[in-house]
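Just need the whole structure built from these sequences, with the hints factored in.
The numbers in UniProt numbering rise by one with no breaks, and the one at position 215 of the sequence shown is 215.
By construction, these hints were calculated from the structure, which means they are not laboratory data. Check the hints yourself; a few may be wrong.
Said to hold, decoys possible - No more than 20 Å apart at the CA atoms, straight line, and that leaves these computed lysine to aspartate or glutamate pairs for EDC-like:
no., residue 1, residue 2
1, LYS37, GLU19
2, LYS557, GLU346
3, LYS280, GLU333
4, LYS524, GLU407
5, LYS483, GLU330
6, LYS563, GLU330
7, LYS563, GLU573
8, LYS524, GLU549
9, LYS643, GLU657
10, LYS672, GLU582
11, LYS487, ASP497
12, LYS280, ASP381
13, LYS451, GLU342
14, LYS409, GLU384
15, LYS479, GLU342
16, LYS557, ASP508
17, LYS368, GLU573
18, LYS483, GLU472
19, LYS37, GLU52
20, LYS617, ASP635
21, LYS487, GLU346
22, LYS524, GLU505
23, LYS419, GLU573
24, LYS624, ASP635
25, LYS670, GLU384
26, LYS563, GLU279
27, LYS524, GLU472
28, LYS55, GLU19
29, LYS409, ASP497
30, LYS409, ASP381
31, LYS280, GLU385
32, LYS524, GLU346
33, LYS479, ASP508
34, LYS670, GLU648
Model, not experiment: these values are computed from the prediction.
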Amino acid sequence: MRHTCRGTINLATANITVEDSCNFIISNGGAQTYHLKASSEVERQRWVTALELAKAKAVKMLAESDESGDEESVSQTDKTELQNTLRTLSSKVEDLSTCNDLIAKHGTALQRSLSELETLRLPAESNEKIKQVNERATLFRITSNAMINACRDFLLLAQTHSKKWQKSLQYERDQRIRLEETLEQLAKQHNHLERAFRGATVLPANTPGSAGSGKDQCCSGKGDMSDEDDENEFFDAPEIITMPENLGHKRTGSNISGASSDISLDEQYKHQLEETKKEKRTRIPYKPNYSLNLWSIMKNCIGKELSKIPMPVNFNEPLSMLQRLTEDLEYHELLDRAAKCENSLEQLCYVAAFTVSSYSTTVFRTSKPFNPLLGETFELDRLEENGYRSLCEQVSHHPPAAAHHAESKNGWTLRQEIKITSKFRGKYLSIMPLGSIHCIFHATGHHYTWKKVTTTVHNIIVGKLWIDQSGEIDIVNHKTGDKCNLKFVPYSYFSRDVARKVTGEVTDPSGKVHFVLLGTWDEKMDCFKVQPVTGENGGDARQRGHEAEESRAMLWKRNPLPKNAENMYYFSELALTLNAWEAGTAPTDSRLRPDQRLMENGRWDEANAEKQRLEEKQRLSRKKREAEAVKATEDGTPYDPYKALWFERKQDPVTKELTHIYRGGYWECKEKQDWNSCPDIF
1 MRHTCRGTIN
11 LATANITVED
21 SCNFIISNGG
31 AQTYHLKASS
41 EVERQRWVTA
51 LELAKAKAVK
61 MLAESDESGD
71 EESVSQTDKT
81 ELQNTLRTLS
91 SKVEDLSTCN
101 DLIAKHGTAL
111 QRSLSELETL
121 RLPAESNEKI
131 KQVNERATLF
141 RITSNAMINA
151 CRDFLLLAQT
161 HSKKWQKSLQ
171 YERDQRIRLE
181 ETLEQLAKQH
191 NHLERAFRGA
201 TVLPANTPGS
211 AGSGKDQCCS
221 GKGDMSDEDD
231 ENEFFDAPEI
241 ITMPENLGHK
251 RTGSNISGAS
261 SDISLDEQYK
271 HQLEETKKEK
281 RTRIPYKPNY
291 SLNLWSIMKN
301 CIGKELSKIP
311 MPVNFNEPLS
321 MLQRLTEDLE
331 YHELLDRAAK
341 CENSLEQLCY
351 VAAFTVSSYS
361 TTVFRTSKPF
371 NPLLGETFEL
381 DRLEENGYRS
391 LCEQVSHHPP
401 AAAHHAESKN
411 GWTLRQEIKI
421 TSKFRGKYLS
431 IMPLGSIHCI
441 FHATGHHYTW
451 KKVTTTVHNI
461 IVGKLWIDQS
471 GEIDIVNHKT
481 GDKCNLKFVP
491 YSYFSRDVAR
501 KVTGEVTDPS
511 GKVHFVLLGT
521 WDEKMDCFKV
531 QPVTGENGGD
541 ARQRGHEAEE
551 SRAMLWKRNP
561 LPKNAENMYY
571 FSELALTLNA
581 WEAGTAPTDS
591 RLRPDQRLME
601 NGRWDEANAE
611 KQRLEEKQRL
621 SRKKREAEAV
631 KATEDGTPYD
641 PYKALWFERK
651 QDPVTKELTH
661 IYRGGYWECK
671 EKQDWNSCPD
681 IF
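Rendered as structure tokens:
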């Protein structure tokens, strides 16, 4: 049998102990321990003696290495800086030594003069004073000598240990650089393997006769990317991507390089306006395959809040956070059905399904939405088609907070204020939405509230990005006291459970369970009516499995994604329409944001430049407000802080939280086209 090395223990730090006549132990303090057995006691002693000698030699070599230092590993700049410091210290010590010599010289002369005064016939009081002065002069000279000696010791210590300190510092620097290079190389290798796997999966599907098709052109375009790969692709691409030859929108080579778009901005507006008049748009320009070194940007962001990190548009999708918030209404028909329910517990089931449905669009959407500018708005008027209209406004910038109000002629109102806090932890990104969501049904007066769960983006540096939702949601009916507890089960490699699982129970004020909810946040939610049955002891018990299956009802199912969604940021049908240009919107509407529009059209370099301009303009506006506040404080004059235009900050009558509630007036201003009160933010 062939033997292999099981591991190593550094002799310099090893502990060698004798167990019995033939056995001995080598360990490094707990992490590794080897039990060895010799053929005899003499053989064991020979081994122990040889190991002890080797250990002593290793300790000595380590000490000599530490004392001598590895001067070759120290950079020339650091050497020069160290030598200058030591030279300065030496000159200061020499100055102190010179001062000490002068003190000693003058001190001796002073003592001699005092001794001569003592021999003179002077009053007794004068002799006492002279003795005191003489003693103090002696103490002063002794103290100055001690100070000089201490300075010499300090200089000697600095000279002795400076090389060791410098070596340790350089070692830490080298380790950090090596770690960064290793992580970056690992990310590149992973993406090379991933691209090779995709190529191996896609190529066999090609027929010999389709060599010149658009599909092959697309694949070859991806193959020409740089070594740093497409780390900006924040979505899970399927193993086989089929692209029909008769695409409605084809990209040229100039689009791939990011030089220009085949549709100018004005033409795109005109084209979208024509589409809007006819029907809602069903596609957007395909996402370019730009390469970007993710690690070079993210390595300086660990531990910081994401909203305070300047990011290029390469990490974004062409929608703002206000538009992403509006996407919660994609399955608004669940609230329409809930409004028709006469039973409050059944109504709560539909509200719970609506809550879960708002996460279904996030399963592939790993790109970051644009951070809205302060005062930015987004309206969605679907009153004629779907019976509702919605308005969002960015009411705070730090911390970022958005207020949302939606009302339906089908008998419900939805409002919320969401503050986003996020932290980048190196391997994953945690996004924690704060704030309550309110849903009020007009006919019954039922008022429901709940909060969102934590969203986590995994594999930020290495691997395929994927999103998970975890935590619990408590939905409360403040009128009846009914509750629904939803549990979003976090994904685990070791769990046999269904991925993205959600479970829930709907209870009355007494805590009795009436409905059980089961499903996943990315596919569907089912509802089971609990029929209590008599238990063995005469009490109520849960119904049996087959009886529960008979009462199963599907509350919600996710709509399929549009065709070629993988090339359009995995947008849903609603998301594809959100950034389509519409006439008559407020000048602060997200559709009019230039950097977002440029990015959607594939002009990412121009979008990055425009994004910097907008952020700088917002920064100047904030500084101006701060200066006005300081001036008002100094002058003692009243100063009004920034206030949202369409929302008013006040205490919520139900939750008692301070929140922004819609004050009204937006749709009236839109009807009159009176936007004089809107700020110039773009």
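| said: Taking the earlier hints as the rules, which of them does this structure contradict? | reply: Per hint list: 4, 5, 13, 16, 20, 23 and 29 violated.
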